[in-house]
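S.K.: Sequence order for the protein chains is Z and E. Quick note, the first sequence lines up with residues 1 to 346 if you use our numbering. Quick note, the second sequence lines up with residues 1 to 507 if you use our numbering.
Derived by calculation from the structure, the hints in this document are not laboratory data. Check before you lean on any hint, since a few could be wrong.
What the hints assert, rightly or not - Simulated crosslink set (DSS-like; lysine-lysine; CA at most 27 angstroms straight-line):
1) Lys334(Z) x Lys344(E)
2) Lys344(E) x Lys288(Z)
3) Lys334(Z) x Lys50(E)
4) Lys50(E) x Lys283(E)
5) Lys50(E) x Lys113(E)
6) Lys288(Z) x Lys392(E)
As the list claims (entries may be wrong) - FRET-style restraints, in silico, Cβ to Cβ:
7) Val146(E) x Met332(Z): 35 to 43 angstroms
8) Asn278(E) x Arg136(Z): 54 to 62 angstroms
9) Leu110(Z) x Ile333(E): 41 to 49 angstroms
All of these numbers come straight from a predicted model, not from anything done at the bench. Every residue gets a Cβ at the ideal spot worked out from N, C-alpha and C, and that includes glycine.
Below, each chain spelled out in residue letters.
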Amino acid sequence: MSYPDLPAKGPSGDIVGKPRRNTAATRFYLTNEFGLIALIVLFALAFQFATDGFFSPFNLFSLGRIAAVNIMIGLAMMVVVITGGLNLAVGAIGVCAAMTCGYLIEVVGLPWPIAILSAVALGAMLGFINGWTSVRTGLHSFIITLATMSIFFGVMIFLTRAESYRALPPVFAAFGRMKLLGIFSPLLLVSLMAALFLGYLYNLTAVGREMLAAGAKPEAAEMSGINVGRIFIYCHMLSGALAACAALMLVARNGAAIPSMAGQLGQDWLLIAFLGPVLGGTLLTGGKASVLGTCLGAFLVTMLTSGLLLLQLGDFWIQSFLGLLLLAAVLMDKTRRTFLARRNMA
Amino acid sequence: MASEIAFQATGIEKSFPGVKALKGVSLTLKTHSIHALLGENGAGKSTLIKIITGVHHPDAGRLILEGQEVHFASPREAIAHRVGVVHQERNLIPRFSVAENIHLEQLGASLLKPVDYANLNKQAARWLEALGLDIDPRTPVSRLSVAKMQLVEIAKALSLRSRVLLLDEPTASLTPSETDLLFSFLRKLRDSGASLLFVSHKLEEAQELCDSVTVLRDGSNACESRPMEGLGRQDIVRLMIGRAEGDGGWRKRDTPPGVPPAIELKNVETSLGHANVNLHVRKGEIVGLYGLVGAGRTELAKCILGQFPLTAGTVEIDGKPAKIRSVGEALHIHRVGYVSEDRKGEGLVLMHSVLGNAGITVWRPLSALLGFLTDRLVRHKVTPYIEKLEVKTPSLAQTVANLSGGNQQKISVAKWLAAGVKILLVDEPSVGIDIKTKAYLHDLLRELADNGTAILLITSDMPEMILLADRILVMNDYRLQGQLINDGSYAGMSEGIMNLIHRSEAA
Chain Z
1 MSYPDLPAKG
11 PSGDIVGKPR
21 RNTAATRFYL
31 TNEFGLIALI
41 VLFALAFQFA
51 TDGFFSPFNL
61 FSLGRIAAVN
71 IMIGLAMMVV
81 VITGGLNLAV
91 GAIGVCAAMT
101 CGYLIEVVGL
111 PWPIAILSAV
121 ALGAMLGFIN
131 GWTSVRTGLH
141 SFIITLATMS
151 IFFGVMIFLT
161 RAESYRALPP
171 VFAAFGRMKL
181 LGIFSPLLLV
191 SLMAALFLGY
201 LYNLTAVGRE
211 MLAAGAKPEA
221 AEMSGINVGR
231 IFIYCHMLSG
241 ALAACAALML
251 VARNGAAIPS
261 MAGQLGQDWL
271 LIAFLGPVLG
281 GTLLTGGKAS
291 VLGTCLGAFL
301 VTMLTSGLLL
311 LQLGDFWIQS
321 FLGLLLLAAV
331 LMDKTRRTFL
341 ARRNMA
Chain E
1 MASEIAFQAT
11 GIEKSFPGVK
21 ALKGVSLTLK
31 THSIHALLGE
41 NGAGKSTLIK
51 IITGVHHPDA
61 GRLILEGQEV
71 HFASPREAIA
81 HRVGVVHQER
91 NLIPRFSVAE
101 NIHLEQLGAS
111 LLKPVDYANL
121 NKQAARWLEA
131 LGLDIDPRTP
141 VSRLSVAKMQ
151 LVEIAKALSL
161 RSRVLLLDEP
171 TASLTPSETD
181 LLFSFLRKLR
191 DSGASLLFVS
201 HKLEEAQELC
211 DSVTVLRDGS
221 NACESRPMEG
231 LGRQDIVRLM
241 IGRAEGDGGW
251 RKRDTPPGVP
261 PAIELKNVET
271 SLGHANVNLH
281 VRKGEIVGLY
291 GLVGAGRTEL
301 AKCILGQFPL
311 TAGTVEIDGK
321 PAKIRSVGEA
331 LHIHRVGYVS
341 EDRKGEGLVL
351 MHSVLGNAGI
361 TVWRPLSALL
371 GFLTDRLVRH
381 KVTPYIEKLE
391 VKTPSLAQTV
401 ANLSGGNQQK
411 ISVAKWLAAG
421 VKILLVDEPS
431 VGIDIKTKAY
441 LHDLLRELAD
451 NGTAILLITS
461 DMPEMILLAD
471 RILVMNDYRL
481 QGQLINDGSY
491 AGMSEGIMNL
501 IHRSEAA
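Same shape as in the complex, but just chain E:
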């Protein structure tokens, strides 16, 4: 395989108001290669991708495509040069069909000429087949699952026959089998001569798939376009965060068996389709709820919080049956908190301040006669937690939308700590946050449990699950498949979990 330089970026600089996002970053992509772009949140990965694809314009530096210097004035120009991208955010039009979405950039052949739908569907079917997707191209995108949408988005980038294809966290919402399928396809693409850039937070994936790597740290190159060979996980982590990863290993925690459950679900059935759910979490215990995307875990948490009705069974808090009809009741009567997986949609009010977000759960309990409540009082209550979590913000008045993902996540945890909940449901706590913050949150969850909080941990991140949980419950298709006592060994536990999931699929 003759591998030559397909694309080069040298000395790229880019400033945004108040921040210098990129301080002279370089990157070289070769043909017949999959290149990993790694870095913590805010290291500048997305900015670099947006510059390469013409969304932003660099303040300094050069982009060289196959030996020619290029300036992309808009994403359309980048596409015309066959530089394709799959962005982190969804960019599909829900009511359009799969085929229409795939060919969105190529639809308008002429103003009045009718679109040739037969041809469109045929072309789309080819790309879908290549990706191993069994979807009718005429299906509206809104009817697809999130994972399928992601794959359609990839098909869309492929249909442009990109020579350089950038993939920004393409596996974030894919199941392991879908990921495998995607990877084998990307390898095929690589072998046919394409040059791919792969961004992911999952280091295991990057190591498995990529042959060379560029690491960014604080807007500069921590390493530039070096082969992946010879780099261990710890080496990469050291490049990313500038030091070795804290050991943060699993440790056995003993919960005396005599401790009564803080929350117990007995034969719970819900209107969403959960059946026969029995589980309990004792004071001071971390119970993991593992499952693939769509297994019904977040849905179960929302049913516990009264967002959807139970059709049978009971939820008991401290041994007493509890009827929870809203998050407000869960919080103020039963002291149950919920850290949402969807930070931007449900976790935070992005346009409000740090104080307005962290204090939202304590307004009611703090308010005096006639609801009287001063900022001072809220600040007094909330500041210790903001400091404890080391939230980096210029002030409590800062708008949350302006903070990094990791800091946002810290705030969405801090508000439940401030409320002093006894039972905490934590849903995907480390989605889209960097390694440092992730390790920090792990320590925090352990500390909370040590201090007596009952924690139900929902996560699709298997290492995280095995690191934190005392017991692991496995859910598939809205039913609990079984329980494993965590012994901290990755190989043994992950095999056990997969067996539980596949046992149900085989049955």
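Chain Z on its own, in the form it takes in the complex:
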């Protein structure tokens, strides 16, 4: 969250505002957001030269479809990371929500909008379980969500007998295949809406500010009149709901709700879930969020994956590469932060 600089204030000189234009510019060049945009442009050019058809309409469309889901996954993790916690169960919650949606449509016969809303509500409810347990026990959400990841996924496999729901209404698949202006997937719009909502939340609402304050220093927030426990539960519920959205978008892309769509225990989502926020400059210790950064981070990762696949690198190489990227991002961020602290600009 950033506040615009105030102009010099009053003749009393209490709030002395020296214009620092050059440092403001330097500060912008040192933001994660700028770094990510530069990397995205750089890699896009590199892939354009190195591969066939990186900028083809088909590739851009499929890139956008995947990026949309990855952005949503990144945001689902980010909203909990700002509390200084994490949510290892994003994938498990997502799959549970998607399977619930499929069940409600195919078995119960509910109309699809109601099924979607119910699925998102279930995501929020599972998030509530994570948040409530973590707040009540005082244990770190790492251990709580590690446990619930297995629990949620196990129960889901038991209830569905690991079978997919493939007879979904055609509107799902149609939405997943739809093209705007020939290259954009409308799924990107869904992610954009989620990002705008979060931007609004953190910058323009009381509860969003309370989330950041509680994440930065829970004791101080509590002693300033913020109900930290309740705020943390909200964050987990938001995470669950966003994870459910991500899974429903995946359903639209696949045209079916499949238990294995996020891998065993939903673990396939974890790397991307952390890469987005961390590349984007969200502090793992909490208290600082960057919605734009998370979106750009998730987009960069998607682009790299897609480009490397076009270069016909093996899937395992890409996984290793993404792991390296995560490590590099954390180290870069540390260096950047030290630099800013040295120059007294942080």
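Since the structure of chain Z is provided, determine the placement of chain E on it from the hints.
M.R.: Frame of chain Z; chain E shown alone:
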């Protein structure tokens, strides 16, 4: 006593990004002497100490130890030259035993050789005994009180047999009797030939203990290594702040007896062990709650705020019983605010901006439908208080961690003023802040009371208490011992307070 120069620092300069912390500071320490290093917050005392002990490297200037110029690349080298330090912050490992902590620097004799614990404990016991500490050296440090930890830290510095020993605010968390004990020990150390540097915010202590003094102001010497003799308190203050201390004396304030209590505690018992607590604070009144460290005063404030449950009795706000379950309820329903003694832990979100901290209490009341709230609105609400308190910050966007202690404290007060509380619990308002800010906060508290705020003032600083309070309640061991009407005379009041405390100890 032949006193010769033990250590000399000349023309020390040190810049940090954006600030020149030291601009050519000099200091001379002699053997058989305790030297006071005084100055306001941000004057450069801690920086100088860190340079002398090898934590920082000076940009210019020389360090001379017993006639030889030295360059300490790390704190370890300083220790090897027998320059010891007790830092302001705790540097103990809580789960290690007292003996292990004392000998931490000397444990690793060889990689695989087992540590000789019997010898270790015996050595540690010697140092503890010298300090008059009755602790088993095998006790884990985490089980000690804060004051005892401080003493263990001093024992640790002593065990290095330092020739030059620097003490950065060693008495901050000690009770008067512990302080006396420490002082008599430091004097013994001085007589045996050591050279000590003593940093404190408490001028009375420095005058009592030290024989020479160096005062820093804004990173320069306001006076360099002159004898303490002949310097009065006012002289020192003038050196520290560059002008005389404002009179800021006590004045009698009349609260009409008819005014009903704004907050009243009736027969309160708490889960923390308070029993039979009866007190009230009327509108416009400043009631002091005095006690030694660990008397249960902060704990009582936290119980009032609903952090710990009451087991009996009632809290009444404006004559109506109030059940307060959280600080949020205290603030938004009952208009009760709490300025925490622990600024860094509970008072402020250090990594957030000035605006984010000062506005934290007004977000909820200011927010419109769906919690909608702009920075503009918060800024509008908060700026008058930031200006009124003369917080020195480049902008409202500045990270609070980058401000000085005094300015941080102003912000942690400003946020409650912005919230417009009617009852303010103030816990140790002047811990670690300089004289100027302290006088300023005192004026502010008086002004608040004059305008009708009920203030419960918790402080261990007796002069501060006698300066501000209308009535003084004395707490010891989680019980109220009695009440004194403040008449502003230091001697009479402090004696009365001590009598109340010791009456309970005698009983």
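S.K.: Do the beta carbons of Asn278(E) and Arg136(Z) sit within 54 to 62 angstroms of each other?
M.R.: violated, 35 angstroms
S.K.: Compare the distance between the alpha carbons of Lys334(Z) and Lys344(E) with 27 angstroms, and conclude whether the hinted pair is satisfied.
M.R.: Given pair Lys334(Z), Lys344(E) holds - Cα atoms ~23 angstroms apart, limit 27 angstroms.
S.K.: For the pair supplied as a hint, Lys50(E) and Lys283(E), is the alpha-carbon distance within the 27 angstroms limit?
M.R.: Violated: Lys50(E) and Lys283(E) sit about 47 angstroms apart, past 27 angstroms.
S.K.: With a cut-off of 27 angstroms on the C-alpha distance, tell me whether Lys334(Z) and Lys50(E) pass.
M.R.: holds, 25 angstroms
S.K.: Holds or violated: Lys288(Z) and Lys392(E), Cα atoms, limit 27 angstroms.
M.R.: holds, 24 angstroms
S.K.: Looking only at beta-carbon atoms, does the pair Val146(E), Met332(Z) fall within the given range of 35 to 43 angstroms?
M.R.: For Val146(E) and Met332(Z) the Cβ distance comes to about 40 angstroms; the hint holds.
S.K.: Holds or violated: 41 to 49 angstroms for the Cβ distance of Leu110(Z) and Ile333(E)?
M.R.: Cβ of Leu110(Z) to Cβ of Ile333(E): about 43 angstroms, so the range 41 to 49 angstroms holds.
S.K.: Tell me if the straight-line CA distance from Lys50(E) to Lys113(E) falls inside 27 angstroms.
M.R.: Judged against 27 angstroms, a Cα distance of about 33 angstroms means the pair is violated.
S.K.: Verify the proposed pairing of Lys344(E) with Lys288(Z), using a straight-line Cα cut of 27 angstroms.
M.R.: holds, 18 angstroms
Of the numbered hints stated above, those contradicted by the structure are hints 4, 5, 8, listed in ascending order.
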